[in-house]
Amino acid sequence: MNSPQYIAAEVLSALRERRPLVLCLTNNVVQNITANMLLATGGVPVMLNHSGEINDLLHSCANGMLVNVGTLSEQQAQIMHAAVNDARSAGVPWVLDPVAVGLLRYRTDVCRELLQTPPTMIRGNASEIIALAGAEGALCRGVESMAESAAAVNAAQALARRTGATVLVTGETDYATDGTTTYACRNGAELMTRVTGVGCAMGALATACLAAAPTPLQAAVATAAILGLAGERAAAKSPFPGTFAAHLLDELALLTPDDIAKYTRIDSEPSQD
Amino acid sequence: MNSPQYIAAEVLSALRERRPLVLCLTNNVVQNITANMLLATGGVPVMLNHSGEINDLLHSCANGMLVNVGTLSEQQAQIMHAAVNDARSAGVPWVLDPVAVGLLRYRTDVCRELLQTPPTMIRGNASEIIALAGAEGALCRGVESMAESAAAVNAAQALARRTGATVLVTGETDYATDGTTTYACRNGAELMTRVTGVGCAMGALATACLAAAPTPLQAAVATAAILGLAGERAAAKSPFPGTFAAHLLDELALLTPDDIAKYTRIDSEPSQD
Amino acid sequence: MNSPQYIAAEVLSALRERRPLVLCLTNNVVQNITANMLLATGGVPVMLNHSGEINDLLHSCANGMLVNVGTLSEQQAQIMHAAVNDARSAGVPWVLDPVAVGLLRYRTDVCRELLQTPPTMIRGNASEIIALAGAEGALCRGVESMAESAAAVNAAQALARRTGATVLVTGETDYATDGTTTYACRNGAELMTRVTGVGCAMGALATACLAAAPTPLQAAVATAAILGLAGERAAAKSPFPGTFAAHLLDELALLTPDDIAKYTRIDSEPSQD
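Protein chains in written order, with the working numbering: chain A, 1 to 273; chain D, 1 to 273; chain R, 1 to 273.
So that you can see chain A by itself, here it is in the shape it has in the complex:
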């Protein structure tokens, strides 16, 4: 069988060729960097705020949809409920990014309802995945995770089995699991947590990878590999957040499938059950 590094490289190659159109229903803070990270990598971003238009796009040319609840309003929650149903009826894969779930009750309730229409992938930090999987934690740093990603692997596997979604837990090490098979992706840079929206944009990148990968698990691994390696290289060019952010976009555009195959560190994890 091919190595996960090789598969991730193939996903980047397919993404660049197919240029998937990613419908992003995301928070106000990160719309710009989300669009720019998608464009730099090779996807095509579309942001919409009208249910009729979302339905039209899902039934015409959207290749995937991201739902990120970072700055959720009641109006946006209604749009998202309709959108996930439309995505299902249109057969469009979608990714849930449960930002700050577990910390804030309203979005926690909304995300649990959204899960009734199972997403193709869920991307979150350890705290969010643990909260979404059912446990409650006293999490008090907003969108920052207090838990190490390794602490969420069991919760991620359980969440994947319960929902059928592939789960991508991000942190210093990223874990991708479909409930049966789990990979650990060890690229990345601490500086990525000092630029607003890198994590949220990762959800959009995951959506683009879904449209280019044979399986959601391979899409999740490719997402972690692509962003992790680009982040590492950008951090090598600048150790400070402002210039780092510009280099991150540059490195996403510069990255080749060959780089992914050679320089990513991905391991298969032993089952923890």
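By construction, these hints were calculated from the structure, which means they are not laboratory data.
Hints are all accurate, no fakes.
Same chains, same label: a pair holds when it works inside one copy or across any pair of copies.
Computed cross-link-like contacts, SDA-like style, restricted to lysine to any residue with a CA-CA straight-line distance of at most 20 Å:
#1 237 <-> 253
#2 262 <-> 2
#3 237 <-> 254
#4 262 <-> 13
#5 262 <-> 173
#6 262 <-> 16
#7 237 <-> 190
#8 237 <-> 259
Since the structure is predicted, the reported quantities are computational estimates derived from the model, not experimental observations.
Chain A is already provided as a structure; the job is to place chains D and R on it using the hints.
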């Protein structure tokens, strides 16, 4: 008669002197780059979300208004309908940017209604201009245009004659037409399409130029010249999207009227009717 | 007594240690740079759009709240009214940034109502502070201030005494006053006015400093010192707005308490009454 290059140079000079205040009713993704591109060039951006405040500003100190439907909601459509009527009664020129019209029905209907209060200028890519001019196309790349701008010149001229608006079709070559006279502006860089919001911010720059130019056609030509030359120079400094975006703002600030007069490539187009 | 430079240095040191969580209710244009400036300096940004979530966060882990009316809608005004009451009941300090008050009637009325629940600090340019203090001016440059900050010192002192809030008037020189004692902070760079959102993000930085300083007046002085010195250093690295903006974030991250103690220019102002 003065060359279009010389006239565009004069527009930049007048823009820097007058510092037009541009009211931007625009989409959520691009508000920041829109404001920064205006500031870098010499305009003053104001973004508002309240009809009463929009009316106040239009009747006090706004020099122009941009209406961009990129992330249109029903609430925003209502605000925009009121705003174009207020702009007319206040005598403030306005620019319509019909993002993704032709692809998405709701905004297509809204833009056709907005055209009942004719804008001073319409800026769009080829697909959008063709759609707004009446033809329907199977357009499926969201805000990216699938058609070459040259393919939209006839539609642009017809749209200009029907609405009285100057039309600026943007692409590898930009075309500016008032329905009678048409110019082709050949500056620019492919990289400008890889940074979210450069096209949308061009609509705001066009609005600023309207407040500084003798005629809307000259404003459209100046817009294409200023952004095209700045984009070219930024691309010469960085071939990658993150650092390119920072250089684009720098180059807009650095650009002199003399640069515009010397280094822009603008041709008068023969009539195609 | 310790010098204001030394106290500002201590505030930066405490901010880095405590990493205050700042709830930002702010305008659409500046959310990204606001979050990035907070993160670069050492704070943790959270943006929310739902009253229930805002209340939850204020009663759990928010260390301060910013209210910025830059793109105010009626819906947002309702959210803000509830939020300032929730902040009071939770004992969370809050900062009002009255963007363009005096120019636009709706937000002027809203801000005067918000003042019924006194903020801990008010940050504005000269025109805004003069308008909020009661005088009406014919202000016509939107978010740009037409008045010199020195012209607003009396109004700032009166506003501070009337509301009990510390007032930070920003401009070429920044003035911080609690109504009795006034400091002038003379760091900064003109280029900071050419990047959208630096002023608005200053309000968020002030909120973070409130959570790290012994008194609101010291927080206001520290805010002006930190941003002014970082701006000065960024301008020394790049005289153009795009690359300057990236350097500004870098310099905020690089700045040490020692730099603040050594290189800021802060004077105590004689009473002007």
